[in-house]
Amino acid sequence: MEDDENQGGEIKKFLYVNRRQPHGTVYALESLETVLIGAAFDQDVSMLFIDDGVYQLKKEQSPDVMEFKNFSKTYKALEMYDVEKVFVERESLEERGLGVDDLLIDVEVIASADVKALVDQNDVILSF
Amino acid sequence: MEDDENQGGEIKKFLYVNRRQPHGTVYALESLETVLIGAAFDQDVSMLFIDDGVYQLKKEQSPDVMEFKNFSKTYKALEMYDVEKVFVERESLEERGLGVDDLLIDVEVIASADVKALVDQNDVILSF
Amino acid sequence: MGTLNIVNKSPFEKRTLDQCLKRIGEGDSVLLIEDASVSAVLGTASAELLLNASKQSKLYVLGPDLQARGFADATLLDSIESVDYEGFVNLVVTHDRVHSWL
Amino acid sequence: MGTLNIVNKSPFEKRTLDQCLKRIGEGDSVLLIEDASVSAVLGTASAELLLNASKQSKLYVLGPDLQARGFADATLLDSIESVDYEGFVNLVVTHDRVHSWL
Amino acid sequence: MKLAVLVNEGPYQHQASDSAFQFVTAALAAGHDVMRVFFYHDGVNNGTRLTTPPQDDRHIQKRWTSLATDNKVDLVLCVAACQRRGLVDDGEAKRNAKDATNIAEGFRISGLGQLVEAAVEADRLVTFGD
Amino acid sequence: MKLAVLVNEGPYQHQASDSAFQFVTAALAAGHDVMRVFFYHDGVNNGTRLTTPPQDDRHIQKRWTSLATDNKVDLVLCVAACQRRGLVDDGEAKRNAKDATNIAEGFRISGLGQLVEAAVEADRLVTFGD
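Chains as they are written, first to last, in the working numbering: chain L, 140 to 267; chain B, 140 to 267; chain S, 167 to 268; chain F, 167 to 268; chain Z, 450 to 579; chain P, 450 to 579.
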């Protein structure tokens with residue numbers, strides 16, 4: 140069973156679920172920091188952007204007008220950290236009038252109905 | 140005009156709008172503390188409970204099971220502080236399956252459509 | 167056994183409960199805690215949403231949070247089981263993973 | 167001039183915007199700030215809600231919050247006017263009271 | 450016009466403190482009198498001098514302190530909220546037998562009456578929160 | 450079973466810290482091993498020793514400290530979150546030239562790696578937040 144697998148200290152599968160906008164709270168930034176630190180642990184990492192989380196990947200953010208850190212470029216560096224599985228939910232984009240062309244990075248678009256399967260494939264769900 | 144009235148140091152009308160549940164956050168408790176302090180200022184005070192705020196007045200709360208302070212009895216003391224205008228929105232009660240019999244104190248039930256008129260009668264709106 | 171989904175916000179205040187329910191399925195469970203607990207009570211506007219969800223997922227509510235809010239003696243929706251913190255721990259242990267919808 | 171209502175949460179996350187709009191009327195204004203700002207953009211699921219509200223209330227959005235979120239060049243709903251912080255201050259001063267929907 | 454501002458959330462976690470700061474700055478630039486900023490609930494956490502934000506980020510506490518120093522804006526932390534959250538000045542340290550203080554320059558701790566007073570005296574009160 | 454807990458909000462403002470405490474208490478009573486409670490975001494504010502809550506209210510920090518002392522639960526505050534919010538121990542005070550500390554007994558400040566490690570080593574991770 141899954142438990143036995145994990146107890147052996149083998150590679151665990153982490154899914155980071157991002158559901159909040161990038162600048163109204165610090166959660167998006169601090170979630171990203173966890174992903175980057177986690178990458179050093181040689182675990183299997185996936186990121187999922189649903190609901191308002193899709194705004195985190197919006198192009199042309201200028202948080203400097205509010206004196207905020209512009210961490211949106213960090214998403215472009217995810218590949219260098221071997222975080223290559225980035226999923227975005229289609230329905231979340233559509234509800235907000237967004238398409239993949241509006242996003243900073245290449246992502247895999249999945250349907251709402253596929254979210255459960257993705258969650259089921261992972262051992263740890265981190266959602267901030 | 141209203142501005143001239145206020146600048147003369149006359150009595151201002153305060154409306155406290157309560158929209159949150161009593162125990163999930165500290166806002167309800169700290170809002171009540173403001174009302175009690177405010178009463179000492181001899182201002183004209185009204186309280187309005189809408190949305191999840193109506194849960195603040197629910198009878199039979201036992202926050203002690205979570206080791207929380209039971210401040211619900213404080214609502215019964217409001218009259219002693221000359222806070223007599225307590226309004227509850229009918230639609231908010233109905234949406235939650237509640238009626239006036241479920242409430243700790245006597246209130247004036249108003250319709251959603253009457254909220255604007257109440258707000259318009261007041262000078263300061265405090266909502267936590 | 168699937169995922170234990172934890173929801174802690176009132177469906178009258180936030181959309182979290184809908185957002186969770188539409189993305190889970192067979193074998194998953196939902197535990198309503200904190201401000202979400204009140205939605206387990208019979209007769210609220212969120213009853214239908216929960217009844218639909220109960221067709222494929224098991225629903226639980228944290229009793230102490232209901233008691234704190236004055237609903238110790240309230241009738242709950244048929245499809246929802248009340249648990250205490252010991253039951254909460256059991257749910258965590260008997261599901262494969264926990265997903266807190268924050 | 168009526169009340170300046172400030173909404174700071176996304177209508178996709180919280181129900182605050184609906185809850186505000188159904189309780190205001192003639193002479194009132196709404197200013198969308200922080201995470202609520204994105205709802206001012208053309209083509210989202212909240213467009214109809216705001217268009218209906220605009221029939222009796224004046225709607226504003228805080229431009230800097232839109233810029234921060236990558237919508238500096240986005241087309242906004244016809245009925246919404248973008249203001250900067252100077253405009254925000256002006257709105258506060260020209261309305262009789264401010265109601266922050268928290 | 451005389452304005453008062455209420456801040457209900459701490460620094461960084463929510464945008465509230467940032468929005469309030471930008472609003473106050475714009476109000477002062479427009480010639481208005483910002484008589485008081487009252488920090489309530491987690492808002493009192495804006496007043497600690499012990500933060501060390503990343504070098505490439507804004508320093509929220511120092512920004513508020515500058516506003517108090519340069520523009521004589523009265524920054525008040527609610528005493529009851531401070532006690533629940535661990536914000537301490539010399540007086541509170543003495544009263545509650547605490548072995549350290551953490552309040553920053555330009556802030557003072559006082560009662561909730563200061564909020565009601567500000568709402569009474571100001572022409573408009575603007576609240577920033579979660 | 451080996452459990453890890455993540456707390457993302459400070460004391461009193463949100464119920465998160467209370468729920469986490471009750472959960473950990475019940476897990477220990479059921480014989481489980483709670484290997485670590487990691488405090489992130491505003492959660493680090495649980496670890497200040499400077500609070501003085503009302504006499505008739507619970508003392509959230511002291512409750513956590515007792516848990517660490519009596520049950521050897523590892524209470525870790527995220528260092529980056531601490532720096533943004535002003536939580537300081539002796540080491541941080543030295544590194545960042547702060548003139549006071551405020552960390553409570555039973556808590557330690559460490560990196561985010563401690564969260565990932567806990568998630569790897571524990572059988573289940575349970576998160577409490579806003």
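Check the hints yourself; a few may be wrong.
Stretch by stretch, here's where chain S covers chain B in the computed footprint (C-beta under 8 Å, at least three residues) [unchecked claim]: (1) 187-199; (2) 229-238.
Derived Cβ-Cβ restraints for the label pairs, each shown as a range [claimed, not checked]: (3) Asp239(F) x Lys521(P): 52 to 60 Å; (4) Lys188(S) x Lys224(L): 51 to 59 Å; (5) Asp239(F) x Asp181(L): 53 to 61 Å; (6) Asp239(F) x Asp221(B): 24 to 32 Å; (7) Gly193(F) x Glu247(L): 24 to 32 Å; (8) Asp181(L) x Met167(S): 23 to 31 Å; (9) Ala546(P) x Ala252(L): 35 to 43 Å; (10) Arg544(P) x Glu554(Z): 19 to 27 Å; (11) Ser515(P) x Ile244(B): 34 to 42 Å.
Source of the hints: derived by calculation from the structure; they are not laboratory data.
Positions of the beta carbon are idealized from the N, C-alpha and C atoms, including for glycine.
So, going through the hints one by one against the coordinates:
As drawn, the segment 187-199 of chain B meets chain S at 6 residues by the rule of a beta-carbon pair under 8 Å; at three or more, the given contact holds. Given a C-beta distance limit of less than 8 Å, the hint that chain S covers the segment 229-238 of chain B holds, as 3 residues qualify and 3 suffice. In this structure, Asp239(F) and Lys521(P) meet the distance hint of 52 to 60 Å, their C-beta atoms being roughly 56 Å apart. For Lys188(S) and Lys224(L), the Cβ-Cβ distance of about 22 Å falls outside the hinted range of 51 to 59 Å, so the restraint is violated.
Roughly 41 Å separates the CB atoms of Asp239(F) and Asp181(L), a value that falls outside the hinted 53 to 61 Å. For the pair Asp239(F) and Asp221(B), the supplied restraint of 24 to 32 Å is violated, since their beta-carbon distance comes to about 54 Å. A C-beta distance of roughly 49 Å is found between Gly193(F) and Glu247(L), which places it outside the suggested range of 24 to 32 Å. Between Asp181(L) and Met167(S) the CB atoms are about 28 Å apart, so this pair conforms to the stated range of 23 to 31 Å.
Checking the proposed 35 to 43 Å range against Ala546(P) and Ala252(L) shows it is violated: the Cβ atoms sit about 54 Å from each other. For the pair Arg544(P) and Glu554(Z), the supplied restraint of 19 to 27 Å holds, since their beta-carbon distance comes to about 22 Å. The hinted window of 34 to 42 Å between Ser515(P) and Ile244(B) holds, with their beta carbons roughly 38 Å apart.
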